[in-house]
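**Q** The hints should help you fit chain B onto chain A, whose structure is shown.
As given, the protein sequences belong to chains A and B, one line each in that order.
Numbering-wise, the numbering used here puts 442 at position 442 of the first sequence, and it's gapless, one number per residue.
Numbering-wise, the numbering used here puts 369 at position 369 of the second sequence, and it's gapless, one number per residue.
No lab work stands behind these hints, which were simulated from the structure alone.
Here the structure is a predicted model, which is why all the values come from computation and not from measurement.
Here a beta-carbon is modelled for each residue, glycine too, at the ideal position from N, C-alpha and C.
A portion of the hints provided could be inaccurate.
To be verified - Covered stretches of chain A, as calculated for chain B (at least 3 residues, CB under 8 Å):
(1) 454–461
(2) 571–584
Unchecked claim - Listed below are the simulated DSSO-like cross-link pairs for lysine-lysine, each with C-alpha atoms no more than 27 Å apart in a straight line:
(3) A:K234 to B:K685
(4) A:K707 to B:K579
(5) B:K19 to A:K262
Protein chains: 2
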Amino acid sequence: MESFSLIGKGVPRIDTTVKATGEAIYTADIFLPRMLYAKVLRSPYSHAKILHIDTSKAKRLRGVKAVVTGADTFGEYWGVFRYTRDQQLLPQDKVRYFGEEVAAVAAVDEDTAMEALELIKVEYEPLPAVYDPIEAMREGAPLIHEQFEKNINIHVNIDVGDVEKGFKEAYLIREDRFTSTEENYCQTEPYAVVANFDHANNLELWLPNASPHTKAKSLSNLLHIPLHKVKVRKCYIGGAFGGRSDIFPPEFIASLLAIKSKRPVKLIYTREESFTAIRQVHSMIVDSKIGVKKDGTIIALDIKAIMDGGAYSSTGPIATSVPFLVWEETYRLPNVRFNGYRVYTNKPIRGMYRTHGRAFLGGLGMQLDMVAEELRIDPLDIRLKNALKTGEKQATGSIIPSCGLSDALKLASEKAKWKEKRGKLPYGKGIGMGANGMMCGFPMGIRGGSQAFIKFNEDGEITLISGVVDNGQGNDSMLVQIAAEVLGVNMDEINLVSADTEITPLDQGAYSQAVAFVSGNAVKNAAEDAKKQLLNVAADIMGTKPELLELKDHKIFLKEDPERFVPLHKVVRTALIQKRPIKGEGSYMPDVDQNREWVKNPRGQHAGTFSYSVAIAEVEVDTETGKVKVLRLVGAHDCGKAINPIAIEGQFEGSAGAAGVGGTLMEEHLWSDGRMLNPNMLEYKVPLSVDMPDETIPLIVESNDPKGPFGAKEAGLYGSMNMFQAITNAIYDAVGVWIKDYPVTPDKVLKALEEKKKNQS
Amino acid sequence: MESFSLIGKGVPRIDTTVKATGEAIYTADIFLPRMLYAKVLRSPYSHAKILHIDTSKAKRLRGVKAVVTGADTFGEYWGVFRYTRDQQLLPQDKVRYFGEEVAAVAAVDEDTAMEALELIKVEYEPLPAVYDPIEAMREGAPLIHEQFEKNINIHVNIDVGDVEKGFKEAYLIREDRFTSTEENYCQTEPYAVVANFDHANNLELWLPNASPHTKAKSLSNLLHIPLHKVKVRKCYIGGAFGGRSDIFPPEFIASLLAIKSKRPVKLIYTREESFTAIRQVHSMIVDSKIGVKKDGTIIALDIKAIMDGGAYSSTGPIATSVPFLVWEETYRLPNVRFNGYRVYTNKPIRGMYRTHGRAFLGGLGMQLDMVAEELRIDPLDIRLKNALKTGEKQATGSIIPSCGLSDALKLASEKAKWKEKRGKLPYGKGIGMGANGMMCGFPMGIRGGSQAFIKFNEDGEITLISGVVDNGQGNDSMLVQIAAEVLGVNMDEINLVSADTEITPLDQGAYSQAVAFVSGNAVKNAAEDAKKQLLNVAADIMGTKPELLELKDHKIFLKEDPERFVPLHKVVRTALIQKRPIKGEGSYMPDVDQNREWVKNPRGQHAGTFSYSVAIAEVEVDTETGKVKVLRLVGAHDCGKAINPIAIEGQFEGSAGAAGVGGTLMEEHLWSDGRMLNPNMLEYKVPLSVDMPDETIPLIVESNDPKGPFGAKEAGLYGSMNMFQAITNAIYDAVGVWIKDYPVTPDKVLKALEEKKKNQS
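Excised from the complex, chain A in its bound form:
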C-alpha cells in the first residue's frame, strides 16, 4: 500500500474561508463600470404564434440602451445534438410555454428596464396547448415542433439478449407502474449572467455553469463569434446538480444586449424566473416488467418510460437513457429491453438531473424488494445475487474496471444492523435499502477529456491551470490536493487557475461525474510530468539517476538514503538557471465508444469507469398524519479511493440526506394549464434541517480503480438515488404499503394505509 501525504486525509477545502466570510463573488455580485441592467419580457401564453413585436416605444424610453427580440438573433437553433436543435433562444415563430423569453431590455437600472418591458407590444395568435405527455403523443394533439411527429423528442430503444425467452424461463414475473412529478433543482443561487463586449469583438461572460468550455462553444456558434473571442470567466457558483450544463436564453440575451449596447450587461433571474425558465427535472411514467428465477436472479426486464420534456430538448435526450444506464451499471441484466420516450409538452424545459428518475430508479429498486418479498428472499440477498462485479460486462457492453457494490452492500448492512432490524421493528418503524452504480466520464464527443498545465514560480510555489469548474462540490480543492500530493508540497502552496475558457485548456466540465476520474487524471499527469523534470534536475545536482530519487515534503531525496536530499525550491531555481524551467502538462480522456447515434441506442463502453453506492434508511411513519421521518441513514460509497474523506461525507449528507429526503418525500411542481403554481422557495417544499435524517453515517468503500487517479472515482453524488429506493422500501417495512408515485407525500401514505385497511377488512 502506497503511503500518501495528502490523499485520503480529511483536509479543509480551499474554498471554505472565502465562502464563510462572504467574500466569494458569485455572478450577481459582479459589478463592471458602465454596466447596464437587463429584464426579460415573457410569454403570457403556453402556445402561441408571435405575429408582431413593437419595441419602438421601449427604445425611446430615457435610460434604455438596447432592446432585443428574436429578430436580433441569427435564426440559429440550439440543441445538444444536431437532430435536437429545436430552440431559438429568443423565439421568432412562436412561444411554446408560459414564461418563455420573448424580448429583453438593457437599461441604466432595473426599474427603467422593467418600465420599458411594459412598453413592448407583442401580438400573439394563441394556439391549442398540450400539457400531458400521453395526450401529446395522441393523434391530433397540437404539434409543438413541426419536425417531431407525435411530439416525440427522442425514442431510446435498447434491446439486449432475448427478453421474451427470458420471461418464458422466469419463475416469477411482476409488472408495476411507477410515476413521479416534476422537481426543481433548487440551486441556492438564482440564475444570473454578466456579459461584456468590446470593440475588439471579445465577449466576456460570468455565469453559473457546469462547463465553461461548453457554454463558450455554444455561444460562439449561436452568436457567430469565434470561439477564442468568447471568454467564460471563473466565478463562484451556488450549485449545479446537472442543471447548468447546456446553454440557456439568459446568457444569449445578455450577450446580445451587450453586443448591441457595447456596454456590460447584468441579467439576474428572480427566484420565480429561475424556477420557471431555467431547467427542471423530468416527470416520468415507468412501466416495468421483471422476470426472475426462483433464487431471485433477474432473467428478464422490459421497461417503458415516458418522460415529460416540456417545450424544448435541452439535455433531455441524454437524460432519457441515463436512468437505464444506471440500472445496467448496477445489476446483471442478461435479457433486457428499454423503450424511453421523451415527449414535448407546452410546459417549461426539463434537463438532466443528478438524481435521474425517481420513478425509474426508485421504482425499479422498489420492484426488486417486491420480488424478494414474493420469493421470501432478503432484499440484501437479492441485491448481492444480481450485483455486478469487477471485470463484468454490462448489458450494452461496458466493462467495469472496479466494482465495490457487494462490499458496499455488506458494509452498509452490517453498520445498519440490517439483519437484526429488517422485518423486526415495531409497526410504524421500518428499514429499507437502495443501491446504484454511476458512470464516471460519460462520452461527450471530443469534449470528453481534460487537460492541465502546471507552472512553477521561482520559489518553488506552483500554479495549476485546469479547465475544471467548481459548482460547490469541492472540485477546486480536490485538484489542488492531487497536484500537491504528486509534487510534495502543501495545498496552500498551489495556486489554482480554473474555469476560465481564455486561460485554461479544454475540460469536459463538472458533468457526468467526470471531474475526479477524468480531470483528476489530467492534473495528476501534469504534476507527474513536472515531477519527472524535477527528478531529472535533482539527479544532475546530486550526481545520481532520477529513478533512484523520490519527491516528498519539499525535498527530493535518494530512496535508499532519505537524508541525502536537495530542497524542492533549489531544484526549481537551478532548473530556471539551467534554462530548463519546470512546467508540466497532462491530459486524460476516458476510453469510451462514441458515435452519433449513441444516445438513441448506446452500445460499447459508455463511461471510463463506474462508482457504486448503497443507502439504508430507517424511517418512522406517523400513521395518523401520513408523515414519514427518516431517523437514520447509513450510506456506503465505493468511490475507488477517498481523496478527501470529509469532503465526501459533506457531499453524501447533501445528496442522500437533503436531496434524497426531499426528492422522495416532498419535492414537486404543481400546475394549472401549464402555469407553475409554486415557483418559489416558500411554496415549493424542500427539506429543512428538521427534515434531515436524525443521524447520517457515511461509509467509504475503496475499490481502487486501476485507471482512477490514486484509484479514485466519483464520490458523493448519487446517494439521493438510493434513497428513493431505501425510503419507500423502509415505508413498506414499517407499515406494509408500497407507494409507487413520487413524492411520497403524507396524503399518499394515508390513502395507501386506508386502502390496505379496506382490503384487509
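**A** Structure of chain B alone, referenced to chain A:
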C-alpha cells in the same frame, strides 16, 4: 531566404482598436465593489527625523477605513540588490526628500481621505539637507543613509587595457565636461494602483508596470505574503520607458491599506505626485578624456561620471553602468576606464531611463565630432573606423552576435545626403549624426528568461500564454505575430493571455530590450513545440513522415506536393480524439555571464545580443532667439529582422522624434531647495506636434541575428540617444558652437553664440 506569411509585414497592432475607442481599461479606470479610495500624506521637509505620528483623529473620522504609517510595515527595506536595500516604502526613521510618502488613508471617497490626511499629526526634527551631488560627496556633508559613506550609493569602476599607455601613444587628446539636468519620464498615464485582498490571503494588484513578475516578487518579500498569493493582473499601461521596473511606495501602501481594511483600495497619484514621487531621470556630470591616433582610431578613453541619484537607490545602481555599456557596445575601445558614481541627495528618486545619460551619450558623441573636426575627418568616417563589427569582442568581454552598425551608418548617410550637406549648408542650418548600440536581454539573475504556453481550442484557434507585459510599445501584438507565423494561422485566431502573474509563466519583463529577443524566442519555441506535435499527428493521418510536412495558411501539406494536405483544424481535432491534444511550451534565457558584483564591474557577456541605430538630424537654428528646430530626421535601425515594420516606425517616431527632440532641446526639472518647481505638464516642457521634426525617415537594417527569433533583436527604442548627439552636432554644423549642457535651450544657444562672437572679435 525563408519566405514568411506575417513576419516582416506591416500589420495593424492588435491593441489599436480598443485604444482608439477608449475601451482599454487602465488602472485608474478599474472599479471593484466596496472599493476604497486612498490618499497619501507627504513630507514637508527635504530631510527630517520622524519623531512621532498621531493618526488617532484620522482613524475616528467617519468613512475612514484604514490608516497606515511606517509602523505598519515589517521594517523591511527595498533595493534591487542586497547591498542597495535602502528604502522603507513608508519610512519609520526619517524622511529624505520633500514629498516623500509618510502616511496614507483609505476611505469611502477621496474627499474623506483628504480630510483625514489633515487630521494626521506628524512631529519632525528637521535635519540639514544636501541637494548637489558634488557637495554631497564632500567631507562633513549631511549623511542621507548612515551606511553609505560620502553619500556614494555606488561606484562603478571599469578598467580595461592600459589607459595611460594609450594616452601616451595618442596623436590627439581632448578633455571635455558634459552635463545634463534631471528629466521626467512623462508617461502619459499618471501612476495608479488598485489593490484587493481577501480572507484567503490573496493580494490582487493592477498597476502600470514593466514586469508583473518582478512587482509580485518584491511585494511578496516586503509584505511577507507567499509569492503565489500576490497576483499582479493585466491592464493597459500608458508608457514605461524604464520607469516602471522596480517597486514603488504606492503599490506597497495600497496593499497595506487593502490588507488592513479587507477591502479593495484605489490609489491614483496626481500628475504632481507622479512627477515627484515616482521616478525621474538622473542628472549627470561627465568628464571625458579621449585619445586618438592620427587616423581617428580611438586608443584611450577615460570617463568619470557623477549621477545625482536622489534619496534612494531604486534601479539607479544599474543605470550607473549602462551608459558606459552602450558606448562599449558601439565602438572599439582597446584601453578604457570608467568611474561612475551615483550619489545620494535630498531630492526625489532617480531610476533607469530608456535614454540613459544625455550628458554621457550625447557628450561622447559630440566629443567624437570634436575630434573629427580637429583631425579634419568626416564624422561619418571616424564612426565607421571605430564601429564594432559582427563577432568582435567589446571592452568588457561581450561578443557581438550580429552588428549592422556600419551598414546603418552608410544607409542613413546616403538617404540623408550626408556627403552633399555636411559642412555645406547655409549658416543657420546644419546636419549632424549620432550612433549607438544597445543590449538586448540584460542579466537580472534567474529573472532574465521567459517562458510561454500555447493551447489549442478544438476548432484550431489558439491561446498564447506569456508573462510579457505591454507598456504601449506593441509587445502583445508582436508575440501574437510570431506565434501566428509559426502556426500558420491569422493573428486574430490567436488569443493572448499575458502579464498576469497568477496565470502566466515567468518573464523578465519589458526591460533591457529583452522582449523581442528573449520573450519572442520563448514564444517561438512554444509555437514550434506545438507545430512539431501538429506535424506528427498530420503525418499519421496522411501516412507519411513529419519531416516531409510543412504548416502554412491553416494547412499541413507535403513539402513536395502542397496539394496533398490536411486542414489544421482537422489535425487539432484528431489530436484531441487520439488523446494527444496539442499544447506547446517553450522557454528562452539569453547566454549571459552573471555574478553578484557584476553591476560594479561588469565582465564577460553582458547581454544576449545587441542592436544598433544611427540618427542623422538636420536642424535650423534661429540666431535671433536661440531656438533650434529639427527639420529632418533620418534614422537607420539594425533590429536584426523587422517583425512588424510599421510598429517599428511608430516606435522610432516616438523615440527619436518625441523623446530625442524633447530630451535634447527642452526637458528639465527646475528646483528650489529640493522642491520641484515644475511638476506638471504645463510647466515641464515636452515637444508638441509642432516641435516634432518636419520629416522623419525611418530605415531598417536587417543583420539577421543568429539567435534572435526569425533573426530579430530590439527595435525602435533608442533613437533618442542618437538624437542627443545628432542634434548637438548639427547645431555645431549650423552655427559653429558646441553646447555641452543638456537640454540645449534657446538661452544656452544665444549665450554660446554671444561668446563665440566675443572670442572672434
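**Q** With reference to the structure, classify each hint as holding or not holding.
**A** Right, here's what the structure says about each hint:
Judged by the Cβ-Cβ criterion of 8 Å, the stretch 454–461 of chain A is covered by chain B as claimed, because 5 of its residues qualify and three suffice. Requiring three or more residues with a Cβ within less than 8 Å of a Cβ of chain B, the coverage given for the stretch 571–584 of chain A holds, as 7 such residues are present. Distance check on the hinted pair: K234 of chain A and K685 of chain B sit about 46 Å apart at the alpha-carbon level, beyond 27 Å; violated. Taking the CA atoms of K707 of chain A and K579 of chain B, the gap is about 15 Å. The hint holds against a cut of 27 Å.
In summary, the hint linking K19 of chain B to K262 of chain A is supported, as the alpha carbons are separated by about 15 Å, within the 27 Å threshold.
In this structure, the one hint that does not hold is number 3.
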